[in-house]
Amino acid sequence: MALQLNLLHEEITQERQRKRDPLKLGVLALCVFGAILFIYYGWNAYRTLQIKSQLNAAQAEWQRVEPKVTAAQARATELRQIIDSTKVLDGLIEGRFYWAPFLATISHCVAPNVQITTLDGGIVASDHSVTVLLEGVAAAREPRAAAEDLRQLLIEQLEKKYSNVKVTFKNLEDLDTLANLSGMPTASARFVLNLTFEQKQAEASKSSEPTREAVKSK
Amino acid sequence: MMPTKLNKDQIQKIILSTIGFIGLIYCYFNFFLGPLNRSRESMARTIVEVQEKTSSSKNEMKKTDNLEAQAKEATGRYEAFKRTTAEGAPIAWFPPKMKTFFSSHDIDKATVRLESSGDFPQPELSNWLRDSWVVDLPQSEYDVLGKAIAQLENTEALLSVQKLSIRAIPDQPQYQQVALSVQTVLLKK
Numbered sequence: 012m013a014l015q016l017n018l019l020h021e022e023i024t025q026e027r028q029r030k031r032d033p034l035k036l037g038v039l040a041l042c043v044f045g046a047i048l049f050i051y052y053g054w055n056a057y058r059t060l061q062i063k064s065q066l067n068a069a070q071a072e073w074q075r076v077e078p079k080v081t082a083a084q085a086r087a088t089e090l091r092q093i094i095d096s097t098k099v100l101d102g103l104i105e106g107r108f109y110w111a112p113f114l115a116t117i118s119h120c121v122a123p124n125v126q127i128t129t130l131d132g133g134i135v136a137s138d139h140s141v142t143v144l145l146e147g148v149a150a151a152r153e154p155r156a157a158a159e160d161l162r163q164l165l166i167e168q169l170e171k172k173y174s175n176v177k178v179t180f181k182n183l184e185d186l187d188t189l190a191n192l193s194g195m196p197t198a199s200a201r202f203v204l205n206l207t208f209e210q211k212q213a214e215a216s217k218s219s220e221p222t223r224e225a226v227k228s229k
Numbered sequence: 395m396m397p398t399k400l401n402k403d404q405i406q407k408i409i410l411s412t413i414g415f416i417g418l419i420y421c422y423f424n425f426f427l428g429p430l431n432r433s434r435e436s437m438a439r440t441i442v443e444v445q446e447k448t449s450s451s452k453n454e455m456k457k458t459d460n461l462e463a464q465a466k467e468a469t470g471r472y473e474a475f476k477r478t479t480a481e482g483a484p485i486a487w488f489p490p491k492m493k494t495f496f497s498s499h500d501i502d503k504a505t506v507r508l509e510s511s512g513d514f515p516q517p518e519l520s521n522w523l524r525d526s527w528v529v530d531l532p533q534s535e536y537d538v539l540g541k542a543i544a545q546l547e548n549t550e551a552l553l554s555v556q557k558l559s560i561r562a563i564p565d566q567p568q569y570q571q572v573a574l575s576v577q578t579v580l581l582k583k
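Keeping their order, the protein sequence lines are chains A and B.
To convert, note that position 189 of the first sequence is 200 in my numbering; the numbers rise steadily by one, no gaps.
To convert, note that position 114 of the second sequence is 508 in my numbering; the numbers rise steadily by one, no gaps.
Hints listed in this document are in silico derivations from the structure and should not be mistaken for laboratory results.
Misleading hints may appear alongside valid ones.
[Stated by the list, open to error] Just some of the chain B residues that point at chain A, by a computed CB distance under 7 Å: (1) 410; (2) 411; (3) 422; (4) 430; (5) 448; (6) 512; (7) 516; (8) 523; (9) 547; (10) 551; (11) 556; (12) 557; (13) 563.
[Said to hold, decoys possible] Output of the computed footprint for chain B on chain A, the stretches with three or more beta carbons under 8 Å from beta carbons of chain B: (14) 46-57; (15) 77-86; (16) 106-115; (17) 132-141.
We put the beta carbon where it would ideally sit given N, CA and C, even for glycine.
With the rest of the complex left out, here is chain B:
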């Protein structure tokens, strides 16, 4: 069989076809398959990211549940601390409360005045106020005073006596004049 000789026209067609074929392959990979693959890879990456985010979020939710269980006691106590602060301005309710308290221990005529009010330096107590009060008890017996202070210290957790001054009344030696400097921790409202 004799090989067919290509004429000039056929050779031109072959060359043109080859160029067209190469162009087609280029277009196919660059403008069709390339973007498709890139989009798929990008979506695969996004899936991994979203799944990691979801997984870590679920872990975080579990941790929060655990924290909730661990913090149950602290939460309960914190709520109790919050309840020690009555509604309204402290100057409105704290002095009457102290007067009533000391009256119930037969210590009458107590006067209570606010000395200073300020924030705590600790950032954890940013929601709490530190108020200093002066409680004057013009006449009290020593043992009665001791019992009253004991009860005050045991029932008012967020109250602390910072200064105590007891002076005997010259004419009535069985009575003392008392001044208490009291610090309270009250919730800001």
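The following block holds chain A by itself, in its conformation from the complex:
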């Protein structure tokens, strides 16, 4: 049997111990781990830079849009104000009372034996109703009946155009003096009529149409 002698036994053991040096292994592991951490950090930094560039793009877009939006908001406010003001002004126009048709109605109701001496009319601010005081003289064989005829005719005609029509005598008195009617001395009576009525909404809108056209043409 051949004798085998390991003459390098000590060197090999030392080499083995050197290779298994925990400090060296630890430093090696630390370096590998450090490299992984560095790569991971780099990857995160890259993502952060990407997001930063996206943020810059979004902020640039906002910077571009912001003045337009501010202008648009101001314009929208102005437009809303214009729309609201126009609505209120339209309401004022539509709510107006038109006196000309009323005067025409009165003139159609007054018979030749009746003379209107005073007409005082006004719009009641609280409910937009109209009150008119008509003062005049009626001459006929029965002057009171002539005044009553006028009252009835006024009710009939005003009800065609207005609502809640009330025509009442505030005063009706016979006059001592005789009126000259077609060359004939005739008994006369002085009357004061109180007219109250409201304008119909549809009638008001219809009446305001020419005014709307006039506004458009200006």
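Position chain B against the provided structure of chain A, taking the given hints into account.
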């Protein structure tokens, strides 16, 4: 193979290295990666906010465009309303305008005076003035007056007759003495 026995010096080094490693990991996550991630998350949130703001702003701009189209008629009419108010103080131009108007209907010697001037209670009309005028017409025929008032009401949209007083002139029964209380809506200038 025999396991290598660690000597005391090596064990100390291992313990120190482990502590150093833990410290390094702590520093890495707290002072390097942590702020980076926080900054990224904050930027991501900001991006979402800015994009939402931009998107809602674009919607608002679209709405304004739509509103502009819808308000075209109202804008036109509002401009027409504004044009009814002449330049200068109303007391300077309104009475001559009324005189000219009634003169054109053969109603002469009209006098116009300002009775009151004030604001409207409606907030929508904060830019508009409510003026009340008294128009005296010393002599007018009834039918002529009716036609004049009709034209006045049809052409002056922002004018309304609030009171009307017609009195017969005793000596001239064909003529009447007229007083109109007129309210105007005028743009503040």
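Hints versus structure:
no. : hint    : result
1   : 410     : violated (10 Å)
2   : 411     : holds (5 Å)
3   : 422     : holds (6 Å)
4   : 430     : holds (5 Å)
5   : 448     : holds (5 Å)
6   : 512     : violated (13 Å)
7   : 516     : holds (5 Å)
8   : 523     : violated (13 Å)
9   : 547     : holds (5 Å)
10  : 551     : holds (5 Å)
11  : 556     : holds (5 Å)
12  : 557     : holds (4 Å)
13  : 563     : violated (10 Å)
14  : 46-57   : holds (count 5)
15  : 77-86   : holds (count 6)
16  : 106-115 : holds (count 8)
17  : 132-141 : holds (count 3)
Violated hints, listed in ascending order, are 1, 6, 8 and 13; each of the other numbered hints is respected by the structure.
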